[in-house]
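Going down the list, the sequences are from chains A and B. Our numbering numbers the first residue of the first sequence as 1 and each following residue consecutively. Our numbering numbers the first residue of the second sequence as 1 and each following residue consecutively.
Worth flagging that the hints you see were computed from the coordinates, not collected in a lab. Idealized CB from N, CA, C, for every residue including glycine. There could be a bad hint or two in this list.
[To be verified] Okay, derived cross-link-like pairs now, DSS-like style, lysine-lysine, Cα gap no bigger than 27 Å in a straight line:
| hint | chain 1 | residue 1 | chain 2 | residue 2 |
| --- | --- | --- | --- | --- |
| 1 | B | K45 | A | K39 |
| 2 | A | K50 | B | K13 |
| 3 | A | K107 | A | K50 |
| 4 | B | K103 | A | K45 |
| 5 | A | K103 | A | K45 |
| 6 | A | K45 | B | K45 |
| 7 | A | K107 | A | K42 |
[Unchecked claim] To be clear about the criterion: a stretch of chain B counts as covered by chain A if any three or more of its residues have a C-beta under 8 Å from a C-beta of chain A, and this derived list gives those stretches:
| hint | stretch |
| --- | --- |
| 8 | 42-48 |
| 9 | 101-109 |
[Unchecked claim] The calculated label-pair distances, taken between Cβ atoms and stated as ranges, are:
| hint | chain 1 | residue 1 | chain 2 | residue 2 | range |
| --- | --- | --- | --- | --- | --- |
| 10 | A | I106 | B | Q117 | 20 to 30 Å |
| 11 | B | P63 | A | R24 | 20 to 30 Å |
| 12 | A | D17 | B | P9 | 22 to 32 Å |
| 13 | B | S122 | A | Q79 | 38 to 48 Å |
| 14 | A | D17 | B | P64 | 36 to 46 Å |
| 15 | A | L54 | B | S19 | 30 to 40 Å |
| 16 | A | T22 | B | K103 | 14 to 24 Å |
| 17 | B | N77 | A | Q79 | 38 to 48 Å |
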Amino acid sequence: DIQMTQSPSTLSASVGDRVTITCRASLSISSWLAWYQQKPGKAPKLLIYKASNLESGVPSRFSGSGSGTEFTLTISSLQPDDFATYYCQQYDSYPYTFGQGTKLEIK
Amino acid sequence: QLQLQESGPGLVKPSETLSLTCSVSGDSISSSSNYWGWIRQPPGKGLEWIGTTYYDGTTDYNPPLKSRTTISVDTPNNQFSLNLSSVTAADTAVYFCARRGFKNGWHVFDSWGQGTQVTVSS
Numbered sequence: 001d002i003q004m005t006q007s008p009s010t011l012s013a014s015v016g017d018r019v020t021i022t023c024r025a026s027l028s029i030s031s032w033l034a035w036y037q038q039k040p041g042k043a044p045k046l047l048i049y050k051a052s053n054l055e056s057g058v059p060s061r062f063s064g065s066g067s068g069t070e071f072t073l074t075i076s077s078l079q080p081d082d083f084a085t086y087y088c089q090q091y092d093s094y095p096y097t098f099g100q101g102t103k104l105e106i107k
Numbered sequence: 001q002l003q004l005q006e007s008g009p010g011l012v013k014p015s016e017t018l019s020l021t022c023s024v025s026g027d028s029i030s031s032s033s034n035y036w037g038w039i040r041q042p043p044g045k046g047l048e049w050i051g052t053t054y055y056d057g058t059t060d061y062n063p064p065l066k067s068r069t070t071i072s073v074d075t076p077n078n079q080f081s082l083n084l085s086s087v088t089a090a091d092t093a094v095y096f097c098a099r100r101g102f103k104n105g106w107h108v109f110d111s112w113g114q115g116t117q118v119t120v121s122s
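Given these sequences and hints, build the entire structure.
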């Protein structure tokens, strides 16, 4: 199985900050990586697919980059609605696997 | 507007079978463009992929769950289902159904149901 490791596990930041979350794959997954945002009691929401493609309707302050084994999700200027947990997921090969999550908290 | 809605018992006894259904509106289960899947999230933990099905009945399962899992499609009713047998407390989780839509070369979970809590307890 491909292991996905996110860092940090928790991130404290303020409105207006630029933040970056990293996701590393144990094997190369080309660009088959997605990023999701999840708020408490809600389903995950797709933000980014194929490493750097912004899902329709997602604000442009979200961006993704990377290929192979190292990927990043960047939020250019944090808004109050962005405080949530973020997950990466590889869909290069079965079994599909998720990172453990990064909780973005208000500082 | 695509909508997915999970339904099924919220409480299942140990050793019994967990059965959930995902009703789909706004898209056709019979479409060759998409796959359909189940993901779960134990309380306070991360996401775990359970398995995926295609309109023709093809399935793929997460190996640790494969021996206990069956996912099937019901095309006349535009829904798909999950059966997980011999459940234990470790199967207590929120269960999500989701569509894997085709985007830029492959299929990604682009639309999710709201999730349903399933507790395994006697």
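Hints, one by one, checked against the model:
1. B:K45 x A:K39: Status holds; Cα separation ~13 Å.
2. A:K50 x B:K13: violated, 40 Å
3. A:K107 x A:K50: violated, 31 Å
4. B:K103 x A:K45: Since the Cα atoms of B:K103 and A:K45 sit roughly 15 Å apart, the hinted pair holds (cutoff 27 Å).
5. A:K103 x A:K45: OK: A:K103 and A:K45 at ~15 Å, within 27 Å.
6. A:K45 x B:K45: The given pair, whose Cα atoms are some 17 Å apart, holds under the 27 Å limit.
7. A:K107 x A:K42: holds, 23 Å
8. 42-48: Three-residue rule met by the stretch 42-48 of chain B, so holds; n is 3.
9. 101-109: holds (count 7)
10. A:I106 x B:Q117: 20 to 30 Å: holds, 27 Å
11. B:P63 x A:R24: 20 to 30 Å: holds, 22 Å
12. A:D17 x B:P9: 22 to 32 Å: violated, 44 Å
13. B:S122 x A:Q79: 38 to 48 Å: holds, 46 Å
14. A:D17 x B:P64: 36 to 46 Å: 38 Å Cβ-Cβ, so the 36 to 46 Å window holds.
15. A:L54 x B:S19: 30 to 40 Å: holds, 37 Å
16. A:T22 x B:K103: 14 to 24 Å: The hinted range 14 to 24 Å holds for A:T22 and B:K103, with Cβ atoms some 23 Å apart.
17. B:N77 x A:Q79: 38 to 48 Å: holds, 41 Å
Violated hints, in rising order: 2, 3, 12; the structure is consistent with all others.
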